[in-house]
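> Please build the complete structure, drawing on both the sequences and the hints.
6 protein chains.
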Amino acid sequence: MILPSRKVPRVGLLIGRFQPFHYGHLAAIRFAVEHVDYLYVVVSSAQKNNEFDDPFTASERISMIKDALDGSGLEPSKWMAIPMVDTPSLALWVAALNSIIPRFDVVFSNDPLALSLFRRYGVRVKSVPYFNRKLFSGANVRRRIGEGTAWESLVPVEAARLLKEFGCVRRIRTLSDKFVRPS
Amino acid sequence: MILPSRKVPRVGLLIGRFQPFHYGHLAAIRFAVEHVDYLYVVVSSAQKNNEFDDPFTASERISMIKDALDGSGLEPSKWMAIPMVDTPSLALWVAALNSIIPRFDVVFSNDPLALSLFRRYGVRVKSVPYFNRKLFSGANVRRRIGEGTAWESLVPVEAARLLKEFGCVRRIRTLSDKFVRPS
Amino acid sequence: MILPSRKVPRVGLLIGRFQPFHYGHLAAIRFAVEHVDYLYVVVSSAQKNNEFDDPFTASERISMIKDALDGSGLEPSKWMAIPMVDTPSLALWVAALNSIIPRFDVVFSNDPLALSLFRRYGVRVKSVPYFNRKLFSGANVRRRIGEGTAWESLVPVEAARLLKEFGCVRRIRTLSDKFVRPS
Amino acid sequence: MILPSRKVPRVGLLIGRFQPFHYGHLAAIRFAVEHVDYLYVVVSSAQKNNEFDDPFTASERISMIKDALDGSGLEPSKWMAIPMVDTPSLALWVAALNSIIPRFDVVFSNDPLALSLFRRYGVRVKSVPYFNRKLFSGANVRRRIGEGTAWESLVPVEAARLLKEFGCVRRIRTLSDKFVRPS
Amino acid sequence: MILPSRKVPRVGLLIGRFQPFHYGHLAAIRFAVEHVDYLYVVVSSAQKNNEFDDPFTASERISMIKDALDGSGLEPSKWMAIPMVDTPSLALWVAALNSIIPRFDVVFSNDPLALSLFRRYGVRVKSVPYFNRKLFSGANVRRRIGEGTAWESLVPVEAARLLKEFGCVRRIRTLSDKFVRPS
Amino acid sequence: MILPSRKVPRVGLLIGRFQPFHYGHLAAIRFAVEHVDYLYVVVSSAQKNNEFDDPFTASERISMIKDALDGSGLEPSKWMAIPMVDTPSLALWVAALNSIIPRFDVVFSNDPLALSLFRRYGVRVKSVPYFNRKLFSGANVRRRIGEGTAWESLVPVEAARLLKEFGCVRRIRTLSDKFVRPS
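Protein chains in written order, with our numbering: chain A, 453 to 635; chain B, 453 to 635; chain C, 453 to 635; chain D, 453 to 635; chain E, 453 to 635; chain F, 453 to 635.
Derived from the structure by calculation, the hints contain no laboratory data.
There may be inaccurate statements among the hints.
Same chains, same label: a pair holds when it works inside one copy or across any pair of copies.
[Said to hold, decoys possible] Listed below are the simulated DSSO-like cross-link pairs for lysine-lysine, each with C-alpha atoms no more than 27 Å apart in a straight line:
(1) K459 x K578
(2) K616 x K459
(3) K586 x K459
(4) K616 x K578
(5) K459 x K530
(6) K586 x K616
Right, dumping it as structure tokens:
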């Protein structure tokens, strides 16, 4: 009797800080899931929050990812979010990633440092087509939220709703003050 | 005009070390998903591995959870696994959990310490019916793997397959040696 | 028989880095102790020292606080200083504070980030009247010490005496050099 | 004109974990304050709590110390409690202590390791007369609380009252269970 | 013109805690340097000291290694000692080692855990002939020092001299007391 | 019978980040070894790498030091390199150094902060003659590598060869991009 071979799914990795989640992230995730059977969405610098460049907690960022991907019609069976804290030494970063994420075949990234770190470990890295990077970047969305200029059109509607629940305007303005430490 | 109210899903939390994933975990997760719309499965002590009581990495543990839950027919849209490292002070443990897991309504747990820590924060905790705890515990599965007595029937078939891929017998025997530190 | 009720004292918290202790701190503490029976003076970022914005150790800062408050005539039975190290994640900061400071009723603070963090935990925060903030700030005192312009009148006489014992001029000038790391 | 010399107060250090505060601690502190003008009471292993040998937070331990010393009639102007976290390397322990505690002249301790660490730095250490150590030790008080045998007479009345507020019986029994980690 | 090829030296790694350095270590190092051109002697758990199983600092351990190897006539041009602190996760241990030790070709080790960790990275591991392991082990030397039975013949004369300078008898007896923490 | 006295060698310490190793470092080491019998070359901030100001790992830095010193004809019996990670508090830095480096008599340094930290511990510090600091500094070598202007003549030939093996141009350009974090 011939047994059917167990097909090994093709697994990808996409890493971001998602401060906050915007349409550029959504486009990159959509691009990635077209190329793999399953995608791990790594929420990096997971320990950071309430800082000027990192206002949102991992909890808030995973909420935005989940609601936006669900809202986009992406199958929940195709992805999972995994938070990852920074390592004290960048030389440990890929090993740390490998120790928390199940086996993967390819990393989707345009980041030159991530690329350089992965390459030393022989990991395959695939670049992601840019999606109007000037407009759709975390820094730009944060800047606009802080300034009070239009930002809602840059993020999926589910992310916008959550950002308002998080009190994003007040939080970002608080952190742009000079007194960024609790005392 | 009357808008349809957005239904807020009921979200649960189930915490375990999953060293390794066994049928007791599967039963607890099945019990939990019957009571909530969505479940976060927290992989605690995520930084531990290659230690006597914690042989498997978070990567390996999430692999076992994912393959076993997929194999059990549980909808991928109902759950997500989240790794969580220990905090230096247990007084920070619930705050750390809150900072990485999206909003949840109830914790499924029988662990008296977790209960005691959650209660101080006013979190609702629901106990899980025991599932032959003497047989189905991580410690018992690890002991049997190390001894070479029957263990495969204690874990879902997908977990058993992965454990063999991980070289679980050799790993657990190595760690039960006296030389538990790398030198 | 009617027992006299045990009066629960009203306890406050005032947080600062005290780099160094100046008359603005003294005024804030005086304001606070008028509103509570007992005040915990939290010395934050306690692990920092010998850095440009944080030149003094917790030891030196507690010395300044103690000598200046004793010199000001404030009752020692009204306050205690507690050093607190930074947390790796700001989401853990209030929990960390709660785990080292005895129960308190109110926090005295004007800092928007501290306010925002406390508010999420339902802690009552009371603002402190400003005391010529431009002149009486740690940054201004440090700048003047480094430049060699008049600074002694900005700090209580006991703090000035200690700062000279600590070799504050030399230390601050050393740290304003480019070589802020030990090598 | 002859200025009166500023008398330098004699300062002592007494270190303990205070898990929980008992009459042995009170006797040691009373002994110490007879020999110095001011005493720093260092609450060591401040980051530990909810562990079998370290059930109480620094917050709870400082509460017990403060209420018991106030109740004993000891002048608040004679002492201050300072929490101190463990250092990753014991070779850094004395340096860490020096960096948070103001200048001191003598350490009161019977602990051979503390003695050995201090001696290398030339710190003067004075031993404390033992106060029925078998009965008055943290381990004995914790054991009795857990067993349900008489323990209240071993601690000052203020500490007993607080311990009951903290739910000490339940907490200690929870921690003596096998499930000492949150999962 | 033909250039002489630059010969690439063969480099080895030998890892130990050296608590303390004994003749078993010396024999292993002599074995290793016969097989390579250069040897890195890694002093692991470098952050540990003044603990029962790890009484000596990295400073003291490197002193013993250096004096004993110099005394043994081994060429200083053949080796270098490198201290290495433990990693929070063992999954990061090989990556951490690689980030501090220059390129090496082979690891000399009999330790099953080190072997298992290295094997996953494809590192060549060569076992070292045992040298009366029952007698020549750090644990046995420490036990004998503490008991006051003969130990000097188990370590090179230079290590014995240093151990006496370090006050090894007193230190080990102090640490075998029950009060292993500074308070 | 009169025994010959055991001559105690004079030991020095020279601390640097060596990002990368250049002729200024070589000149300083040569100066130092003329004044002592043995020199410990401390590679500070050993945990840093792949950052803009700290591109190279400790592994790479020790390789450069070793090859350049061997190439310069300096006796291997005269020195050893020791990597040292940063301490969370600078007040612990000298204690940490003492806990990993064997006894030393003098520190060679021109760094005002290192000087200030050592002085408090009574360590003798000797300044090193400057060697065209504007040209021969890590920052200048890194800047030139990134810009593509002449840099090879600033570093020993062995360091230049290794830097090219490390892909220094690409690495430094990658790190000078805005995306200095892995995501």
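> Against each hint, give a clear statement of whether it holds in the structure.
Here is what the structure says about each hint:
1. K459 x K578: Close inside one copy (22 Å), not across copies (37 Å); limit 27 Å.
2. K616 x K459: Between. Shortest inter-copy distance 18 Å satisfies the 27 Å Cα cut-off; intra-copy 43 Å does not.
3. K586 x K459: Neither, since 40 Å and 36 Å both go past 27 Å.
4. K616 x K578: between (34 Å within a copy, 26 Å between copies)
5. K459 x K530: both (16 Å within a copy, 24 Å between copies)
6. K586 x K616: within (23 Å within a copy, 34 Å between copies)
Hint 3 alone, counting from the list given before, is not met by this structure.
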